[in-house]
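A.B. asks: If you want the building blocks of each chain, they are given just below.
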Amino acid sequence: MSVAPQAGVPQAGAPQAVDVATARPRIRPLRWVAGAVLLVLVAQFARFLVTNPGFEWPVVGKYLFDPNVLRGLGMTLLLTVIVMLLGSVLGLLLAAGRLSGFRPVAWACGVYVTVFRSIPPLVQLIFWFNLGYLLPRIPLGIPFGPTFVSWPTNSVISSLTAAVIGLTLHEAAYMAEIVRAGILAVDGGQRDAARAMGFTARQSFVKVVLPQAMRVIVPPAGSEFISLLKGTSLVSVIAMADLLYSVQVIYNRTYEIVPLLIVACAWYLVVVISLSFGQRRLERHFGKGQR
Amino acid sequence: MSDTPVLRVRDVRKRFGDHVALDGVSLDVHEGEVVTVIGPSGSGKSTLVRCVHQLESIDGGAMHLDGELLGYEFHRGHLRPLPDRRVAAQRGRMGMVFQQFNLFPHWSVLRNVIEAQVLVHGRRPEEAREAALRLLERVGLADKADAHPRMLSGGQQQRVAIARALATNPRIMLFDEPTSALDPELVDEVLSVVLDLARGGMTMIIVTHEMSFAREVADRCVFMENGRVVETGAPEEIFDNPASPRLRAFLSRYSGRAAQIPDERLLEEETTS
Ligand SMILES: Nc1ncnc2c1ncn2[C@@H]1O[C@H](COP(=O)(O)OP(=O)(O)O)[C@@H](O)[C@H]1O
Ligand SMILES: [Mg+2]
Numbered sequence: 001m002s003v004a005p006q007a008g009v010p011q012a013g014a015p016q017a018v019d020v021a022t023a024r025p026r027i028r029p030l031r032w033v034a035g036a037v038l039l040v041l042v043a044q045f046a047r048f049l050v051t052n053p054g055f056e057w058p059v060v061g062k063y064l065f066d067p068n069v070l071r072g073l074g075m076t077l078l079l080t081v082i083v084m085l086l087g088s089v090l091g092l093l094l095a096a097g098r099l100s101g102f103r104p105v106a107w108a109c110g111v112y113v114t115v116f117r118s119i120p121p122l123v124q125l126i127f128w129f130n131l132g133y134l135l136p137r138i139p140l141g142i143p144f145g146p147t148f149v150s151w152p153t154n155s156v157i158s159s160l161t162a163a164v165i166g167l168t169l170h171e172a173a174y175m176a177e178i179v180r181a182g183i184l185a186v187d188g189g190q191r192d193a194a195r196a197m198g199f200t201a202r203q204s205f206v207k208v209v210l211p212q213a214m215r216v217i218v219p220p221a222g223s224e225f226i227s228l229l230k231g232t233s234l235v236s237v238i239a240m241a242d243l244l245y246s247v248q249v250i251y252n253r254t255y256e257i258v259p260l261l262i263v264a265c266a267w268y269l270v271v272v273i274s275l276s277f278g279q280r281r282l283e284r285h286f287g288k289g290q291r
Numbered sequence: 001m002s003d004t005p006v007l008r009v010r011d012v013r014k015r016f017g018d019h020v021a022l023d024g025v026s027l028d029v030h031e032g033e034v035v036t037v038i039g040p041s042g043s044g045k046s047t048l049v050r051c052v053h054q055l056e057s058i059d060g061g062a063m064h065l066d067g068e069l070l071g072y073e074f075h076r077g078h079l080r081p082l083p084d085r086r087v088a089a090q091r092g093r094m095g096m097v098f099q100q101f102n103l104f105p106h107w108s109v110l111r112n113v114i115e116a117q118v119l120v121h122g123r124r125p126e127e128a129r130e131a132a133l134r135l136l137e138r139v140g141l142a143d144k145a146d147a148h149p150r151m152l153s154g155g156q157q158q159r160v161a162i163a164r165a166l167a168t169n170p171r172i173m174l175f176d177e178p179t180s181a182l183d184p185e186l187v188d189e190v191l192s193v194v195l196d197l198a199r200g201g202m203t204m205i206i207v208t209h210e211m212s213f214a215r216e217v218a219d220r221c222v223f224m225e226n227g228r229v230v231e232t233g234a235p236e237e238i239f240d241n242p243a244s245p246r247l248r249a250f251l252s253r254y255s256g257r258a259a260q261i262p263d264e265r266l267l268e269e270e271t272t273s
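Going line by line, the protein sequences match chains A and B. Take the first sequence: its position 276, counted from the start at 1, is 276 in full-length UniProt numbering, and no numbers get skipped. Take the second sequence: its position 219, counted from the start at 1, is 219 in full-length UniProt numbering, and no numbers get skipped.
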């Protein structure tokens with residue numbers, strides 16, 4: 001087959017000579033413009049970072065691995081993991097409760113979610129930290145009956161327990177909604193089939209519904225965990241020595257505010273990138289068998 | 001024992017809100033008997049098999065499996081619902097095949113067939129695995145054991161669903177329009193498996209729109225309309241000599257688009273492969 005002088009232009013009477021494999025990519029001018037703008041912006045920002053003395057990069061380097069900063073990072077991670085686990089378990093129970101056939105339970109779980117989604121976590125932290133004003137002693141006993149033992153609230157509620165309680169209650173409300181959406185996304189036929197095989201309600205939930213719901217749950221749960229990680233920075237207001245609090249302690253002494261904030265941001269970035277990586281692996285794991 | 005039906009359905013009523021889906025249905029199915037259920041869309045056929053399998057609760061009447069009351073027990077002279085575990089155990093003694101297959105997409109074909117044996121019936125995993133492989137061979141899919149359900153055609157998925165339901169040695173198999181979601185050329189491979197089961201003496205209730213199949217496979221045929229059993233009898237009576245005008249009208253709508261009776265040759269291939 002001979003190639004026509006003007007390749008790609010269909011010749012009258014010879015339609016069989018056209019082959020789209022010979023097509024060349026179109027030139028897209030807008031892409032070139034966008035690329036150029038991007039390049040200029042990046043270059044300008046890089047210059048700002050390098051030439052502005054206010055960043056004090058040597059100071060950043062000095063404090064990046066400072067033991068106090070690392071201890072603060074450890075506390076932030078610990079708090080994130082504890083709240084992530086407790087919040088997920090409580091969220092799962094709340095989601096199951098909202099889908100329960102028993103109306104009062106479904107209603108109570110719905111009220112919980114509404115209330116705790118609408119209270120700012122900062123308010124909760126301050127509230128729990130100051131629980132002693134409302135309830136001087138924490139009693140254990142029969143409701144409306146005798147009390148067996150009681151503890152002074154201020155010895156039970158440290159800044160760690162206040163942070164765990166406040167953030168968990170907040171996190172659980174959001175996780176409940178995420179899990180509920182995941183469960184509702186599973187085809188009703190799956191639950192029918194599981195029960196038809198003789199699985200109990202719990203077996204069919206754990207073995208069939210939940211693994212399929214995970215596919216829908218993991219992406220928003222990943223975002224939720226990331227915002228939780230950053231949300232833990234709120235605990236610095238109740239004097240808990242997390243990552244932000246430890247850099248604050250240093251810059252209150254040295255006044256090197258910007259470089260120390262950069263130190264904190266760098267660590268948050270590292271942790272968020274690792275979390276996103278884990279999230280992608282989970283997504284791949286639960287996505288198998290799906291289209 | 002011999003004259004106790006495997007399944008006895010007595011005056012079962014079921015409503016969804018104001019809508020009466022089952023209006024006093026009675027039906028006995030004896031050991032080895034194949035009952036096909038036909039009737040227009042919305043007549044309550046699916047509701048009937050779903051109620052028998054206790055996927056829906058019933059509002060009245062009673063159902064017995066091998067003489068045992070389904071879903072309820074007597075307690076101090078009163079009836080009360082059984083706890084979930086006992087209902088689950090009763091369901092485990094019946095097999096159900098759905099229109100939409102409903103295979104578990106997160107498990108391999110083999111695991112779909114294994115899991116209930118282990119989880120519900122406490123079989124050892126190796127034993128369950130052997131049984132599952134035998135069943136997959138019986139439905140002609142031994143080579144697909146490690147595949148994921150989504151990789152199979154509709155007909156293959158439905159045959160796996162049949163193997164899955166058979167795995168727990170059910171006393172009775174319930175089919176709810178097993179071929180209605182299939183492309184026409186895939187219908188026969190499923191029907192031939194069902195026909196094979198019928199010849200093997202399996203007790204079955206089959207809801208179907210495949211009229212020539214309903215006739216071929218049935219020992220008895222039931223015609224439902226508006227939540228009632230309108231007519232029941234031997235397939236020849238139902239199809240050749242319908243008594244009620246409703247049944248005559250229903251059948252006349254199906255004449256002319258009679259489905260193929262499964263090919264004997266195909267059946268041989270499926271079972272020997
Ligand atoms: N879950 C449900 N909620 C409300 N109405 C239902 C439900 N299931 C079935 N129905 C109604 O009950 C009637 C019988 O339905 P069905 O048993 O599915 O009929 P068939 O299988 O014979 O087509 C229909 O009118 C249907 O709309
Ligand atoms: Mg139906």
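Calculated directly from the structure, the hints in this document are not laboratory data. Keep in mind that a hint or two might mislead.
Across the chosen pairs, the derived CB separations fall in these ranges [said to hold, decoys possible]:
(1) B:E127 x A:R103: 36 to 46 Å
(2) B:P184 x A:G110: 45 to 55 Å
(3) B:A181 x A:F144: 34 to 44 Å
(4) B:A147 x A:V18: 55 to 65 Å
(5) B:N169 x A:I119: 52 to 62 Å
Just some of the chain B residues that point at chain A, by a computed CB distance under 7 Å [said to hold, decoys possible]:
(6) S57
(7) A116
(8) V120
We put the beta carbon where it would ideally sit given N, CA and C, even for glycine.
A.B. asks: Could you run down the list of hints and mark each one as holding or not?
C.D. replies: Hint-by-hint comparison with the structure:
Between E127 (chain B) and R103 (chain A), the C-beta spacing of about 44 Å keeps the proposed range 36 to 46 Å intact. Checked against the given bound of 45 to 55 Å, the beta carbons of P184 (chain B) and G110 (chain A), roughly 47 Å apart, stay inside it. At about 58 Å, the beta-carbon gap between A181 (chain B) and F144 (chain A) misses the expected band of 34 to 44 Å. At roughly 40 Å, the beta-carbon separation of A147 (chain B) and V18 (chain A) lies outside the given 55 to 65 Å, and the hint is violated.
Between N169 (chain B) and I119 (chain A) the CB atoms are about 55 Å apart, so this pair conforms to the stated range of 52 to 62 Å. With 7 Å as the threshold, the beta carbon of S57 (chain B) stays out of range of chain A, its nearest partner Cβ sitting at about 11 Å, so the hint is violated. Satisfaction of the interface hint for A116 (chain B) is found here, the shortest Cβ-Cβ separation to chain A being roughly 4 Å, below the 7 Å cut-off. Checking V120 (chain B) against chain A: minimum C-beta separation of about 4 Å stays under 7 Å; hint holds.
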